[in-house]
Amino acid sequence: RKEVEQDPGPFNVPEGATVAFNCTYSNSASQSFFWYRQDCRKEPKLLMSVYSSGNEDGRFTAQLNRASQYISLLIRDSKLSDSATYLCVVKRTGGYQKVTFGIGTKLQVIP
Amino acid sequence: DAGVIQSPRHEVTEMGQEVTLRCKPISGHDYLFWYRQTMMRGLELLIYFNNNVPIDDSGMPEDRFSAKMPNASFSTLKIQPSEPRDSAVYFCASSFGSEKQYFGPGTRLTVT
Numbered sequence: 001r002k003e004v005e006q007d008p009g010p011f012n013v014p015e016g017a018t019v020a021f022n023c024t025y026s027n028s029a030s031q032s033f034f035w036y037r038q039d040c041r042k043e044p045k046l047l048m049s050v051y052s053s054g055n056e057d058g059r060f061t062a063q064l065n066r067a068s069q070y071i072s073l074l075i076r077d078s079k080l081s082d083s084a085t086y087l088c089v090v091k092r093t094g095g096y097q098k099v100t101f102g103i104g105t106k107l108q109v110i111p
Numbered sequence: 001d002a003g004v005i006q007s008p009r010h011e012v013t014e015m016g017q018e019v020t021l022r023c024k025p026i027s028g029h030d031y032l033f034w035y036r037q038t039m040m041r042g043l044e045l046l047i048y049f050n051n052n053v054p055i056d057d058s059g060m061p062e063d064r065f066s067a068k069m070p071n072a073s074f075s076t077l078k079i080q081p082s083e084p085r086d087s088a089v090y091f092c093a094s095s096f097g098s099e100k101q102y103f104g105p106g107t108r109l110t111v112t
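Protein chains in written order, with the numbering used here: chain A, 1 to 111; chain B, 1 to 112.
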């Protein structure tokens, strides 16, 4: 089983829709969680960290469920500019830090 | 403020040749990471350094790959000899204190 699993999509949604992505992780020792965004042929950029209590940044909401070992990203009122690949990132410590990226979920927002 | 700088941006080489990728991290950052990204395997961590010291190279695929960080402002990833299956985008990233990572623009490597 992969350490971090994501549905690669693509998710095709109309402008204005709400879309949610999930990401599951296998190692219960995972400590920190992030969502990165990667535009086509560009580098990944941090979108937001994911906190245990859940957190929101404008139209984006991230949540963590430790019991079920998944994190989620909710995008409300989708914009064309949200079209990108969203990468789930899990970090665990224990001696050395270990950062694992998911394969990413591709989102295409259509007019 | 300059971000992470990588060179070259594109590299096309023939199988068997040596390839050297270069990275200049953001000034003041103490962690440097090398990643490889392919369609099939996504983004894979190859190696990372803390204060110029290699900490975890378990992601380096084989002995053909080597990485160095001679000082805080420069790192190289070398592939010798290169093979077609090494074709990928190689990203360098840096961070301060191992949290938010800032990625460079990547080097797109094609080995024919």
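No lab work stands behind these hints: they were computed from the structure.
Just so it is clear, CB atoms sit at the ideal spot from N, CA and C, and this is done for glycine as well.
The reader is advised that the hints may include incorrect statements.
[Stated by the list, open to error] Stretch-level coverage of chain A by chain B, calculated; a stretch enters the list once three of its residues show a Cβ under 8 Å from a Cβ in chain B:
hint: 1; segment: 20-32
hint: 2; segment: 99-111
[Stated by the list, open to error] Here are some, though not all, of the chain B residues that point toward chain A, as calculated from beta-carbon distances under 10 Å:
hint: 3; residue: 4
hint: 4; residue: 7
hint: 5; residue: 8
hint: 6; residue: 96
[What the hints assert, rightly or not] DSSO-like cross-link-like pairs, simulated, lysine-lysine; straight-line CA separation at most 30 Å:
hint: 7; chain 1: B; residue 1: 24; chain 2: B; residue 2: 78
hint: 8; chain 1: B; residue 1: 78; chain 2: A; residue 2: 45
hint: 9; chain 1: B; residue 1: 68; chain 2: A; residue 2: 2
hint: 10; chain 1: A; residue 1: 42; chain 2: A; residue 2: 106
hint: 11; chain 1: A; residue 1: 98; chain 2: A; residue 2: 45
hint: 12; chain 1: B; residue 1: 100; chain 2: B; residue 2: 68
hint: 13; chain 1: A; residue 1: 106; chain 2: A; residue 2: 2
hint: 14; chain 1: B; residue 1: 78; chain 2: A; residue 2: 42
hint: 15; chain 1: A; residue 1: 45; chain 2: A; residue 2: 79
hint: 16; chain 1: B; residue 1: 100; chain 2: A; residue 2: 42
hint: 17; chain 1: A; residue 1: 2; chain 2: A; residue 2: 45
hint: 18; chain 1: A; residue 1: 98; chain 2: B; residue 2: 78
hint: 19; chain 1: A; residue 1: 79; chain 2: B; residue 2: 24
hint: 20; chain 1: B; residue 1: 24; chain 2: A; residue 2: 42
hint: 21; chain 1: A; residue 1: 42; chain 2: A; residue 2: 91
hint: 22; chain 1: A; residue 1: 91; chain 2: B; residue 2: 68
hint: 23; chain 1: A; residue 1: 98; chain 2: B; residue 2: 100
hint: 24; chain 1: B; residue 1: 68; chain 2: B; residue 2: 24
hint: 25; chain 1: A; residue 1: 2; chain 2: B; residue 2: 100
hint: 26; chain 1: A; residue 1: 79; chain 2: B; residue 2: 68
hint: 27; chain 1: A; residue 1: 79; chain 2: B; residue 2: 100
hint: 28; chain 1: A; residue 1: 91; chain 2: B; residue 2: 24
hint: 29; chain 1: B; residue 1: 68; chain 2: A; residue 2: 106
hint: 30; chain 1: B; residue 1: 78; chain 2: A; residue 2: 91
hint: 31; chain 1: B; residue 1: 100; chain 2: B; residue 2: 24
hint: 32; chain 1: B; residue 1: 78; chain 2: A; residue 2: 2
hint: 33; chain 1: B; residue 1: 100; chain 2: B; residue 2: 78
hint: 34; chain 1: A; residue 1: 98; chain 2: A; residue 2: 42
hint: 35; chain 1: A; residue 1: 79; chain 2: A; residue 2: 42
hint: 36; chain 1: A; residue 1: 45; chain 2: B; residue 2: 24
hint: 37; chain 1: A; residue 1: 98; chain 2: B; residue 2: 24
hint: 38; chain 1: B; residue 1: 68; chain 2: A; residue 2: 45
hint: 39; chain 1: B; residue 1: 100; chain 2: A; residue 2: 45
hint: 40; chain 1: A; residue 1: 98; chain 2: A; residue 2: 2
So, going through the hints one by one against the coordinates:
Beta-carbon proximity to chain B at under 8 Å applies to 1 residues in the segment 20-32 of chain A; the threshold of 3 is not reached and the given coverage is violated. Using a Cβ-Cβ cut-off of 8 Å, 6 residues of the segment 99-111 of chain A lie near chain B, which meets the minimum of three, so the contact claim holds. Interface hint status for residue 4(B): upheld, as the beta-carbon distance to the closest one in chain A is roughly 8 Å, under 10 Å. Interface restraint check for residue 7(B): the shortest CB-CB distance to chain A comes to about 14 Å, outside 10 Å, so the restraint is violated.
For residue 8(B), the shortest C-beta to C-beta distance to chain A is roughly 15 Å, which exceeds 10 Å, and the interface hint is violated. Taking 10 Å as the C-beta contact cut-off toward chain A, the hint placing residue 96(B) at the interface is violated, the least distance being around 13 Å. Between the alpha carbons of residue 24(B) and residue 78(B) the distance comes to roughly 15 Å, so the proposed pair stays at or under 30 Å and holds. With a C-alpha separation of about 25 Å, the suggested pair residue 78(B) and residue 45(A) falls inside the 30 Å cut-off, and the hint holds.
As the CA atoms of residue 68(B) and residue 2(A) are separated by approximately 29 Å, the hinted pair is consistent with the 30 Å bound. Distance check on the hinted pair: residue 42(A) and residue 106(A) sit about 14 Å apart at the alpha-carbon level, within 30 Å; holds. For the suggested pair residue 98(A) and residue 45(A), the alpha carbons sit about 18 Å apart, so the restraint of at most 30 Å is met. In summary, the hint linking residue 100(B) to residue 68(B) is supported, as the alpha carbons are separated by about 22 Å, within the 30 Å threshold.
For the proposed pair residue 106(A) and residue 2(A), the alpha carbon gap of about 19 Å is at most 30 Å, so the pair holds. Distance hint between residue 78(B) and residue 42(A) is fulfilled; the C-alpha atoms sit about 22 Å from each other, no more than 30 Å. With a C-alpha separation of about 18 Å, the suggested pairing of residue 45(A) with residue 79(A) holds against the 30 Å cut-off. Pair hint residue 100(B) plus residue 42(A) holds up; C-alpha atoms about 17 Å apart against a cutoff of 30 Å.
Distance hint between residue 2(A) and residue 45(A) is fulfilled; the C-alpha atoms sit about 23 Å from each other, no more than 30 Å. In summary, the hint linking residue 98(A) to residue 78(B) is supported, as the alpha carbons are separated by about 22 Å, within the 30 Å threshold. Note on residue 79(A) and residue 24(B): the hinted pairing is violated, with a Cα-Cα distance of about 34 Å set against a maximum of 30 Å. Between residue 24(B) and residue 42(A), the direct Cα distance comes to roughly 18 Å. Compliance with the 30 Å bound is thereby established for this hinted pair.
The hinted pair formed by residue 42(A) and residue 91(A) meets the criterion: a straight-line CA distance of about 22 Å does not exceed 30 Å. Our distance criterion of 30 Å between C-alpha atoms is met by residue 91(A) and residue 68(B), whose separation comes to about 24 Å. For the hint linking residue 98(A) to residue 100(B), the alpha-carbon distance of about 14 Å falls within 30 Å, and the restraint holds. A C-alpha spacing of about 12 Å is found between residue 68(B) and residue 24(B), which places the hinted pair at or below 30 Å, so the restraint holds.
For a cut-off of 30 Å, the pair hint linking residue 2(A) to residue 100(B) stands: about 23 Å separates their Cα positions. With a C-alpha separation of about 42 Å, the suggested pair residue 79(A) and residue 68(B) falls outside the 30 Å cut-off, and the hint is violated. With a CA separation close to 25 Å, the supplied pair residue 79(A) and residue 100(B) stays within the 30 Å bound. A C-alpha spacing of about 24 Å is found between residue 91(A) and residue 24(B), which places the hinted pair at or below 30 Å, so the restraint holds.
Only pairs whose Cα atoms come within 30 Å are accepted, and residue 68(B) paired with residue 106(A) is rejected, the gap being roughly 34 Å. A hinted pair counts as satisfied when its Cα atoms are at most 30 Å apart, and residue 78(B) with residue 91(A) qualifies at roughly 26 Å. Proximity of residue 100(B) to residue 24(B) is assessed by CA-CA distance (about 17 Å); at most 30 Å being required, the pair is judged to hold. Distance restraint check for residue 78(B) and residue 2(A): the Cα-Cα separation of roughly 28 Å lies within the 30 Å cut-off, and the hinted pair is therefore satisfied.
At most 30 Å may separate the alpha-carbon atoms for a hinted pair to count; residue 100(B) and residue 78(B) meet this at roughly 26 Å. With a C-alpha separation of about 23 Å, the suggested pair residue 98(A) and residue 42(A) falls inside the 30 Å cut-off, and the hint holds. Straight-line distance between C-alpha atoms of residue 79(A) and residue 42(A) comes to about 19 Å, which keeps the hinted pair within the 30 Å bound. Taking the CA atoms of residue 45(A) and residue 24(B), the gap is near 17 Å; set against the 30 Å cutoff, the hint holds.
A hinted pair counts as satisfied when its Cα atoms are at most 30 Å apart, and residue 98(A) with residue 24(B) qualifies at roughly 22 Å. For the given pair, residue 68(B) sits about 25 Å from residue 45(A) by alpha-carbon distance, which is consistent with the 30 Å threshold. At most 30 Å may separate the alpha-carbon atoms for a hinted pair to count; residue 100(B) and residue 45(A) meet this at roughly 9 Å. Between residue 98(A) and residue 2(A) the CA atoms are separated by roughly 14 Å; this keeps the pair inside 30 Å, and the hint holds.
Of the numbered hints given earlier, the model fails hints 1, 4, 5, 6, 19, 26, 29; all others are met.
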